[in-house]
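*Asks:* Using the sequences and the accompanying hints, generate a full structural model.
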Amino acid sequence: MVAQHESWISLDLIQGCPANCVYCYLGPAGLTKQVPGPPITAPEPAYQTLSTYQYVEKSRFSDVPGGRNFPVAIGNYTDMCLTQKNREILLELLIRHKQSMPETPVCIVTKALLDQAFLATIQHIGITVIFFISLSFLPTTLEKGAPPPTTRLANFKRIAQFPNLHAIHFWRPATSKSVPDRATALHQIEQLQQSGARVSVVTGLKFGKNLANAFRINEQHALHEYFTTRQADEHAENEIFEQDVQEAILSAAHELAYPVYLHTSCAVSYVLEQPEYNATFRKPHLEAKCQVSTCPPAQRERCFYFQARFPHPSQLLLEQVARYLNLPLSSVIYSERKDSIFVDCSLTQEEQTFLTQATSFPVRGKGLTPTLEWIGSINR
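Numbering (the numbering used here), first residue to last: 1 to 380.
The hints are simulated quantities; they were obtained by calculation from the structure and are not laboratory data.
Fair warning: this is a prediction, and the values are worked out from it, not measured in the lab.
One thing to keep in mind: the hints can contain errors.
[Stated by the list, open to error] Pairs of lysine to any residue residues, derived as SDA-like cross-links and limited to a Cα-Cα distance of at most 25 Å, are as follows:
(1) Lys338 to Ala322
(2) Lys209 to Arg198
(3) Lys98 to Asp12
(4) Lys206 to Asp344
(5) Lys177 to Trp374
(6) Lys283 to Phe342
(7) Lys338 to Thr348
(8) Lys283 to Asp344
*Replies:* Next up, the structure:
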């Protein structure tokens, strides 16, 4: 029901989505083309569980600068806005969120049409909500049951009317099937800008073991050929993101002065006007994920100012990490060369993400135990 992901803590009470997107990780579990099931519990006990979740409190380490907010995402195993019943449940959850965690932003990933009345109701609740408008630019035949791209693009201007609400374009998956060249990338970003979008986060085709097997084994799968011809050369641990596609998008974004990020946490931090919370601006990700993004100068300044204030972890912070992991202090070491904290124990995927966010430094153990559908880039 609750899990620490690389971009947020998820609250998942409902399973099943009426859409049938061929790249969706819900497919192998039989959760696409399904009427969403009932919530597994009511909002009040759900938020009681969330409030006591072991990774929800990121400020347990005292010697880390403040100013960063860590979001909660609702509904990673459904689309909370695609059916009327899901919308009703979402509103109940947001009201409870206001009562329990009023300062914590909520992220909602959706392909739905978000009408004015629905958005006004959410605005009235009085919390910060970030809608991730999922739009891959793939043919609609590969996203059956989802509204067409023009419908989703229209969401951006409606959301912009409400001060508590924000929109991020979720460009996933970006592939050569949808972005064959730079001219196409330019056209797509122009469409986004004309629709009122102000930022995108882009990823390749992500997959865990189950989704990879579905692509590989089923020769009739729409992505079988794409996956099998690129997996050996292109994928880097759970993601195929073709280099020429990434370069086309980022080059076009630079020309059009449009923000595109490679880490979801960067886009969230941009709209919240805060330093990024996954240490993307530190050495392990600086070149591949931070510097190549078309990040506006004001946002870069927020991150680099945070980094300048906190260039390395204090001895107190290392002691706190050691106590948290029940390790001797000698087993927690900061490497200035790698700008990372190393711990002499294995970590779960969620534990590593929590420690990275709580300390603001990449944290690495001597082993990593996967606990989610795939291993994200901040864990590598």
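*Asks:* Of the numbered hints stated earlier in the document, which are not met by this structure?
*Replies:* 2, 4
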